[in-house]
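Enquirer: Each chain, letter by letter, is given below.
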Amino acid sequence: MNIILLLIPISLVLLGVGIWAFFWAVNHAQFDDLDTPSLTPLSEDRPAAPDAEEP
Amino acid sequence: MNAQACFHCGEANPDSAPILARVQGRQHAVCCPGCKAAAEWIETLGLADYYRLRSGPAQRHDGVADHAAWDRPALARLHVRSTSADRAQVIVLVDGLRCSACAWLIERALRGIDGVLDVGVNALARRVSLEFDPRRIKLSSLLAALSRLGYVPHPLTAGMIDSQRQRESRAALKRLVVAGLGTMQAMMMAVALYAGVFDGIDPAVREFFRWIGFLVATPVVLYSAQPFFRGAVREWRARRLSMDTPVALAIALIYLASMINVFVGGHEIYFDSVSMFVLFLLLGRHLAMRARHRAGDVVDALARLQPVLAERREAAGYTTIAVHELEAGDIVRVGSGAAIPADGELLGPRCRIDESLLSGESTPIAREPGQALIAGSLVIDGPIEVIVRHIGADTVLAGIVRMVTRAASERPALARLADARAARFVVRVLAATLITALAWAWFDPGRALPAALAVLVVSCPCAFALAVPSALTRAVAVLAQRGVLVVDADALEALARADRFIFDKTGTLTEPNFERARVEVIRGSLEQALGIAAALEQSNSHPLGLALRRAGASAPLKTATALRHVQGAGVEGDIEGIRYRLGRADFSLHAPGADTAGDGDALVLADPDGVIARFPPSEQLRPAAATLIRSLGDAGIKCEILSGDRAARVAHIAGLLAIDEFTAAASPVDKLARLAVLRAQGHVVAMVGDGINDAPVLAAADVAIAIGEGSAMAHAASGILLASSRLESLLEARHVAAEMLVRLKQNLNWALAYNLSAVPLAALGFVPPWLAAIGMSASSIVVILNSLRIGRHATAWPDAPRPVSEAVA
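Listed in order, the protein sequences are those of chains Y and S. Terminal number for the first sequence in my numbering: 55, no gaps in between. Terminal number for the second sequence in my numbering: 1809, no gaps in between.
Bound-form chain S, shown alone (with noise of 0.2 angstroms):
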């Protein structure tokens, strides 16, 4: 590790006095007072062997927030779940949990504290879960002790807490595997006595096996397959037929006239494919209930954003409350940086909010007092007042995270035409059962039963049941193996239909970039300029602060100390004992409206002193964009691009990819109407962005697709998200999904011509019950095979940037 970083975080170490910390027997320099005690709580511990274990560096650790107000009675009784007097637990998300190191480190470092009874970390979903006796010590105490560690502790409500989800997905696995190995032993039994029909077989063993198929069928069908009966049974009180009807109707008939069969001594029994046909119609919900606790995660994104604290303005001065305490009417003090705990009115004085929660706009929005704030929004500069007006599930936050849960919920369409589709036709095969047990009532009583339950058997349901949602699965699987995540199944197919692709530009199409050329130097060289830039955007993550550090590789390494960031401003730091700001005209030179001179966007550097250098941001296309038209156009498909950009770089972009049609300068509801025109045209249309500046009009799209690693709201405006954030997974995507639309298509024919062609033969008594076993699961696993076939043959596309597309702006 560099002498010059942080020991604990790996930010730059000041030059001057280093601090030091002593880790593990030996001097550690370290950054700040902070991140001292933090690594050296952890040697007090004896946990020093986290440093050699982690993968990544620490949170930097900025002090011990004050964690009091988590014990007030109010806020403890939504987050802390109490099982017994001495026993609570409380579930808290942890940001900076990053490596398993992290989730060890935690779980010592806790279960060391008096009064912890047990500790649980999952580092996957950022979640420790405490269970602590709430007479020996205090939530806050717990909260402190991980913000110690450096942490940032957020714990969450009882009803953020997926106690609910967590018992369905274990519920749905125990039922899963129950229906499994009962069918594996059905089938064993069933095997046993379709050879005893050929070879001749004793007939108390038969009954033998009779029985334990029975046996071993009954808890399949009675525990595995109760949520098909639950279904059922609130379809029925709804009076409306759909799946869940005609599925409980099959499975309890098979099941009870095999039953008989056993007790009566009767030929015909199905356990086997009684058990199979729940196992079959069990793994599909099983994978269509993974896909959709995933997007469970994205609404506690959301609701994260919501600030659980408040400080409420009262007689003595300001109070921090809980949220939830708040009423409306109430004056809360919102500091610079913070969230606003619920909608409200502007009191005063006049600032900046940063609404690109709501608008997607990330640019900063001016508010007079008297006008409207939304809950989740960040104030920029601060401290204002505001008078709440919306507080809890009122609030357009609410909203947002209702209509995200709801969107969750809701099965894709194909799935439920499919479903539609074999609830008919489970209709129907009923009806034919009826029909082929009276005629041969009529004809031979003797066969009517056998014949029926013939045609129950032969007929396949699960090869409609499976045809989708095995086809829907396996697209969304191999396309999350190469990157693309996909929120929403319905994006797919229209992803696959869609004539018509949109680009956003900025972050789309192109990617930041400053060039050197461009850089206006007021004092000092350029390297020097370059340098402190890139040392004050060190920990920068967004775009355009690693643009400004690639521009600065080359310079003289500086290290900034004391680093500032403020959000939607820019950052300032020392470098040498001189304090710099980088960043917008305004923050830069501590003057609202100040430096006119230049470009508006142009990020400024300056010391007390004044301006250093200007850096205009200048575009670069992404490496793959160029291919990504070419392709998409030679498929026969229109680009166009939608930028609220000025006309003059666009058309400059436009004229490098060769698109003809683009519109500039386009606001939000320009955007929509622009939308609305070409699906009035009846254009499937797909809208590209990079998920930021574009949720509502991502949201406005058939299908949205994101770019990045978007906002929150990305993940929930759009229906596939590019993680990998190239561009060239886009053409994979619309490959996948076509070939699934092909595939789907040849599961239901499939499907309806082996259906055709059974179930008449099994009406007129052709079909022996070890064939028609066969023939019913032969049909699914050809569905299921067919499936799989998706993604095979994947297309190679080329990684590397091509030249055409290099560094242009």
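Extracted from the complex, chain Y is given alone in its bound form (with noise of 0.2 angstroms):
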């Protein structure tokens, strides 16, 4: 039983990380636009090579 008096703060201190991480993420826009970076991956970094074929 005494491992909990180990445990709780152990879970305290990551709860704390945690909110920590998300402030930072919330700081730093993560949050302002849902909608937008979702789409982001879609599109490519680089030119494609030339298509063969009409776009």
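Everything labelled a hint here was simulated from the structure, so no lab data went into it. Beta carbons: idealized from backbone N, C-alpha and C, even for Gly. Honestly, I wouldn't trust all of these hints.
[Said to hold, decoys possible] Here are some of the chain Y residues that sit facing chain S, going by a computed Cβ distance under 8 angstroms:
| # | residue |
| --- | --- |
| 1 | Leu12 |
| 2 | Leu14 |
| 3 | Phe22 |
| 4 | Phe23 |
| 5 | Asp32 |
[As the list claims (entries may be wrong)] Now the stretches of chain S that chain Y is said to cover, found in silico as 3 or more residues with beta-carbon under 8 angstroms:
| # | stretch |
| --- | --- |
| 6 | 1174-1180 |
| 7 | 1432-1445 |
[To be verified] Chain S is faced by these chain Y residues, among others (derived, beta-carbon under 8 angstroms):
| # | residue |
| --- | --- |
| 8 | Leu5 |
| 9 | Leu15 |
| 10 | Ile19 |
Mind assembling these two chains? They're in different frames, but the hints should get you there.
Expert: See the structure below:
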């Protein structure tokens, strides 16, 4: 039973880390626009090789 | 892609001497040199992938406007925020930003420019945020780069940059998450302690859990609950008791009492309850805030109507300056199709003005020298000269913006009422707590604090606080999914209570249509005339243009080039080398007051030799109009038509729909008078219009409903917007609104009944702490679940047009 005396503080520290990470994300505009970024992976970074067919 | 259509913008290509742009190793035909330049520039940047990724054609490129005026220090000060000497930020609203491929293109293209430090594109809000080094690159070159890509940039002023809104929503999100995580932790500790009450618990472990509970609830109370404490202080300073005061008192009392108990080893601690209380309250506020922010976008759209640049007459000709540099008494020149920069007086010559912004009347109004003009209205035939009378915040437009802003920031009446009830309730609870504590202190001092706290906890102000917002937000969300946007939450209540529906005719019950049989052909064949008209209207999204395209769909396909739209007049363009004009008679024939033959409102197609054909517009009922009127009638609601159109046409439509009461040839003043009469008789009036012609009338009704994509004013003036232009969604909206009122009453009754039975029991000491906490959370959950039932039993409405309503005119 005494193990919870160790585990609960550890979980609280992890909670603190989680909240810090969340604050960081909010402050760095990660939650300002939840629609556009989901589309960006669909676009390629570099120009593709010229297409053989009509685009 | 069609070889006939421009590779870049999708408009028709000229038939003679194709213009070719080389992209990704192939020649592509484009419509104009502007598009050629844009396409080739995109290619040189290595960004030709854009053409593969995009989901719609680009904005037609009409050459690069001059942006040099943006470098004037006075303008830069307003729009550019300097963070340090080599870092400045500007937020640009970009017209033509349509899909994520556009966002991608803008980001890549601007990143490549020397001096640009960071580019952020939000396709949803159509905003580009640019950070740049002002010593290496000027704002004007950035704007020029955007226009070269084919987008129209509008830098936002510092006031319009929604940094405040952003700060607010970021802080709210953080508070909510802290409260949520804190509540979870506090509840875990509480469950362990409750279990310990039954199964026995080691006193050391019990003590440990209590301290942990204190630890996790502390940030919730000290950080997340800050808005309530601040609000309470504000209310106290203003000597006005509202929701925040009792809420802050309850939070502080429960927290302090629990804290003292932790220190002195007392029995009752309620860290879980206090955290949950804060969480639920924050949740309600968060939802309300998001609705408010959405409404804020409307204000941006309105504010954009006012131009930022003006041409001032000075001794040495005209100088382009920023609008806020204008002073009363200045003389400015306004070109054709441009917006008037400030309220003023027309100096000359006489002209026509489109004041749809203010009056909702889209037909231009003739203005004589000496008459007043308002900022934001469009000059149809310029250039004109205007003496500036009022500027900035004194203009009519600024007044409208203020009005809308205020409307958007006001809480719905229902929510205010619920707040007041909850506040009164909490005051009573606090009194009950005090009485309980005093009474027990008399009989049994040891049980005074536990019993008093049990009263405080078991009574659930959150059930009261959530009763209205949860029902409102759920109803708004359900409607949004079905294409009904609720701009003003008060409108829902009024919609549910409305017993009189008033419809505008044109654009609401009917949509414009051109019947082939009624087209008057002067020269050539009917097919030819329809083909030319359809080609000229190919890029017009106005209902009349769409109707013409539909009418000409079967005619031989033609393509028009060098299309030019003249606002409020018509369109001109070249087809097979001949210059055609289509529009109002005086426009098409280059002669004001010409062509008095036929209907005044017929569209005239002409070439340099004269009239080719006249297209008198007729109307056809919208598919669901008959169903809507019948269903409303079945529900015992009287409908009537209030139209500015001629009596014969209105009577015809009214007859088709079996509406006995109608008013024709009504001016906006007549419409307002009719509304006033009905409201004086005690009717709750719902006004349905297209929002363009009816803005002031819509605003005067109990509930205003606008159909389709009206102008920005329509959004502002109407409480409810049917975005899908499906009339039958109005019926759904009514059902949902009525259901919302029912659920809302159930919620309030439930909260009242629960508290009336639980509080006395707690005061008498019959409610153990674990039961108090469960009862309190269960009562809020019942309220939320009840609200979530809204819209579960969706009524199916026929989507298909009904045969009765087909093609009548």
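Enquirer: Tell me if chain Y covers the stretch 1174-1180 of chain S under the three-residue, 8 angstroms CB rule, please?
Expert: Coverage by chain Y holds here, the residue count being 3 at a Cβ distance below 8 angstroms.
Enquirer: Given phenylalanine 22 of chain Y as an interface hint, is its Cβ closer than 8 angstroms to any Cβ of chain S?
Expert: Result: holds, 6 angstroms to nearest chain S Cβ.
Enquirer: Next item in the hint list is phenylalanine 23 of chain Y. Is there a CB on chain S closer than 8 angstroms to its CB?
Expert: Hint on phenylalanine 23 of chain Y: holds, closest Cβ of chain S at ~6 angstroms, below 8 angstroms.
Enquirer: Under 8 angstroms is the threshold here; is the Cβ of isoleucine 19 of chain Y close enough to any Cβ of chain S for the hint to stand?
Expert: holds (6 angstroms)
Enquirer: Tell me if leucine 5 of chain Y is really an interface residue toward chain S, meaning its C-beta lies closer than 8 angstroms to one of theirs.
Expert: holds (6 angstroms)
Enquirer: Once the shortest beta carbon distance from leucine 12 of chain Y to chain S is found, is it less than 8 angstroms?
Expert: holds (7 angstroms)
Enquirer: May I ask you to test the interface hint for leucine 15 of chain Y with respect to chain S, counting a Cβ-Cβ separation under 8 angstroms as satisfied?
Expert: The hint holds - leucine 15 of chain Y has a Cβ within 8 angstroms of chain S, the shortest such distance being about 6 angstroms.
Enquirer: For the stretch 1432-1445 of chain S, do at least 3 residues have a Cβ located nearer than 8 angstroms to some Cβ of chain Y?
Expert: Answer violated; 0 residues pass the 8 angstroms Cβ test.
Enquirer: Is the interface hint satisfied for aspartate 32 of chain Y? The criterion is a beta-carbon contact with chain S at less than 8 angstroms.
Expert: holds (6 angstroms)
Enquirer: Given a cut of 8 angstroms on the nearest C-beta pair, is the interface hint for leucine 14 of chain Y held or broken against chain S?
Expert: violated (11 angstroms)
Of the numbered hints given earlier, the model fails hints 2, 7; all others are met.
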